[in-house]
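Chain by chain, the residues:
Protein chains: 2
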Amino acid sequence: MIEKLIKGIQRTGAPIVVGLDPMLSYIPEHITRKAFSEYGETLEGAGEAIWQYNKGIVDAVCDLVPAVKPQIAMYEQFGIEGLKVFARTVAYCKEKGLVVIGDVKRGDIGSTSEAYAVGHLGKVQVGSDFYYGFDEDFATVNPYLGSDGIKPFIKVCKEEKKGLFILVKTSNPSSGEFQDRLIDGRPLYELVGEQVAKWGEELMGDTYSYIGAVVGATYPEMGKVLREIMPKSFILVPGYGAQGGKGVDLVHFFNKDGLGAIVNSSRGIIAAYKQEKYAAFGSENYADASRQAVLDMREDIASALAGR
Amino acid sequence: MIEKLIKGIQRTGAPIVVGLDPMLSYIPEHITRKAFSEYGETLEGAGEAIWQYNKGIVDAVCDLVPAVKPQIAMYEQFGIEGLKVFARTVAYCKEKGLVVIGDVKRGDIGSTSEAYAVGHLGKVQVGSDFYYGFDEDFATVNPYLGSDGIKPFIKVCKEEKKGLFILVKTSNPSSGEFQDRLIDGRPLYELVGEQVAKWGEELMGDTYSYIGAVVGATYPEMGKVLREIMPKSFILVPGYGAQGGKGVDLVHFFNKDGLGAIVNSSRGIIAAYKQEKYAAFGSENYADASRQAVLDMREDIASALAGR
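Line by line, the protein sequences are chains A and B. First residue of the first sequence: 1, per the working numbering; consecutive thereafter. First residue of the second sequence: 1, per the working numbering; consecutive thereafter.
Treat the hints with caution; some may be incorrect.
Claimed, not checked - Here are the computed lysine-lysine pairs in the BS3-like style, where the Cα-Cα straight-line distance is at most 25 Å: (1) A/84 to B/84; (2) A/84 to B/161; (3) B/198 to B/94; (4) A/7 to A/161.
What the hints assert, rightly or not - Ranges of calculated distance between the beta carbons of each label pair, as one might list FRET restraints: (5) A/96 to B/173: 39 to 45 Å; (6) A/182 to B/161: 56 to 62 Å; (7) A/34 to B/295: 21 to 27 Å; (8) B/283 to A/111: 18 to 24 Å; (9) B/231 to A/198: 36 to 42 Å; (10) A/3 to B/295: 54 to 60 Å.
Unchecked claim - Covered stretches of chain B (in silico footprint by chain A; criterion: 3 or more residues with CB under 8 Å from a CB of chain A, positions within the stretch not fixed): (11) 70-82; (12) 121-129.
FYI, nobody ran anything at the bench for these hints, they're computed from the structure. By construction, the Cβ of each residue, glycine as well, lies at the ideal position given by its N, Cα and C atoms.
Using the sequences plus the hints, can you model the full thing?
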């Protein structure tokens with residue numbers, strides 16, 4: 001799956017992942033009105049609105065980017081109806097040829113971690129049959145529980161040729177509370193990064209590992225260090241755009257081959273029509289605004305990389 | 001909700017939470033056979049088997065314990081059908097008067113963490129209506145992302161009078177990889193414990209906080225230290241029984257008032273009939289074996305506490 005991601009980046013020239021993190025407040029009124037008129041102001045109605053909104057965006061950007069990253073929390077808040085739309089979105093994006101990174105940040109131990117891995121990346125056995133649950137291509141995973149939490153995921157990744165992005169240094173302001181604490185003079189996130197590199201050796205693709213890391217765009221200097229520590233790991237970089245990360249901040253996350261990083265933007269793309277810059281599109285044409293935001297982001301990253 | 005938990009512990013004399021972590025391999029054949037004959041060897045069939053199995057155990061133990069802890073991974077592996085059974089199990093346990101701790105180990109930042117909190121503990125707004133998603137009473141949360149990940153949960157807990165158990169020192173062998181690393185001479189888990197105590201001050205019940213911690217029974221000496229660091233926090237203690245923790249290991253997790261800890265057992269109770277000790281019950285009477293295992297665990301803890 002890492003090969004598919006790399007080919008997608010090379011084909012599109014866009015090391016970009018579109019974060020499908022819908023909030024009802026992002027969805028244009030004509031979509032919610034129609035959904036509520038069919039299903040009422042219910043969980044089903046919310047689900048239908050989210051689905052139509054996602055579909056519009058995916059249709060508008062799927063030729064421009066290699067990957068999408070649906071954030072499961074935004075679906076899970078609507079209970080079962082929301083999770084149905086998560087599953088439907090994953091399946092639709094895969095039909096469209098996109099790599100799907102399930103932003104699930106799961107993490108537990110032993111057979112429990114394996115159950116998450118099975119549910120999101122693998123297949124579960126029922127009697128003599130096997131079924132895929134949510135069937136994403138990659139999943140994000142939390143490392144706080146150590147190797148007991150990660151190895152069961154790696155086992156399933158090996159079987160399914162799928163991958164992980166493990167949280168190393170997250171993009172939020174308080175990520176330093178624990179992640180930056182010094183251990184033998186080095187921050188915790190560096191030790192986690194070293195482990196990611198080690199775990200990654202167990203599951204190598206041609207040039208990069210199937211096991212990547214999450215490092216926030218908001219911490220470019222730390223990204224530089226982590227790039228060195230995990231040379232074979234792809235870095236999934238959140239925090240571009242709405243959270244404050246800029247193109248120039250991103251160059252450190254890439255290797256000299258121009259690969260090794262994929263930058264996420266969620267609100268900045270999916271709710272682009274709400275920004276002054278793209279307001280002329282109007283809410284009816286929200287998906288065209290998203291497309292333009294992807295083109296602009298591609299340009300921003302390309303010029304930053306060209307200028308390094 | 002912390003008051004309901006405390007009253008339940010006092011009423012039953014059992015600081016015990018039953019971990020509803022079903023694996024298909026635990027379920028007696030007469031249950032799976034019936035479920036598969038109705039629904040086939042499908043995800044629905046697996047869901048029906050899990051539901052009947054859970055219901056049997058809950059009916060058999062609900063007067064003996066204050067709380068249950070369904071582990072969502074074990075349901076999530078079956079996709080939507082599994083999660084329907086998770087929701088059904090939560091609702092059924094609440095009907096039976098049990099406190100439900102959703103072992104979801106979620107954790108993200110800002111609006112994403114809030115979405116998880118809303119989905120598991122609160123209610124989501126759709127138009128002018130509000131709906132509960134999974135509606136557990138407590139949720140387990142991962143602290144790796146710092147306060148940005150925890151505060152949105154606390155906000156929802158305040159609104160709903162619900163609570164959290166935050167991972168501090170987990171029960172697994174590799175939990176020390178990151179959690180035990182020394183920072184200024186003290187292990188990371190102590191710093192996390194201090195934060196739990198601080199977060200807990202924001203949401204106090206009469207004597208204990210709504211914000212508790214997870215500390216594994218397999219690390220009793222660390223439990224002793226953490227008990228001091230977080231005097232007002234309930235400690236959810238996994239790792240008893242199947243993972244190796246014993247009654248005598250548990251005394252340090254309790255305060256002098258005999259409260260402050262609630263001990264989880266999953267496999268040791270729900271699959272008790274598979275142990276030699278309870279084999280005489282037979283698989284048809286698996287729920288009676290679970291009941292006996294709860295009684296034995298209650299006795300083990302009581303005598304350890306009496307002997308301290």
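Do the hints match the structure? See the list:
1. With a CA separation close to 11 Å, the supplied pair residue 84 of chain A and residue 84 of chain B stays within the 25 Å bound.
2. Distance hint between residue 84 of chain A and residue 161 of chain B is unfulfilled; the C-alpha atoms sit about 29 Å from each other, more than 25 Å.
3. As the CA atoms of residue 198 of chain B and residue 94 of chain B are separated by approximately 30 Å, the hinted pair breaks the 25 Å bound.
4. In summary, the hint linking residue 7 of chain A to residue 161 of chain A is supported, as the alpha carbons are separated by about 15 Å, within the 25 Å threshold.
5. Distance hint for residue 96 of chain A and residue 173 of chain B: a CB-CB separation of about 42 Å, consistent with the stated range 39 to 45 Å.
6. Between residue 182 of chain A and residue 161 of chain B the beta carbon distance is about 39 Å. The supplied range of 56 to 62 Å is therefore violated.
7. The given range of 21 to 27 Å is broken by residue 34 of chain A and residue 295 of chain B, whose C-beta atoms sit roughly 57 Å from each other.
8. One distance hint, 18 to 24 Å for the beta-carbon pair residue 283 of chain B and residue 111 of chain A, holds here, with the actual separation near 21 Å.
9. The given range of 36 to 42 Å is respected by residue 231 of chain B and residue 198 of chain A, whose C-beta atoms sit roughly 38 Å from each other.
10. Taking the beta carbon of each, residue 3 of chain A and residue 295 of chain B are about 56 Å apart, inside 54 to 60 Å as hinted.
11. Against chain A, the stretch 70-82 of chain B contributes 9 residues with a C-beta closer than 8 Å to a partner C-beta. That satisfies the three-residue criterion, and the hint holds.
12. For the stretch 121-129 of chain B, the stated coverage by chain A is satisfied: 6 residues place a CB nearer than 8 Å to a CB of that chain, which reaches the threshold of 3.
The structure is inconsistent with the numbered hints 2, 3, 6 and 7, although it conforms to all the rest.
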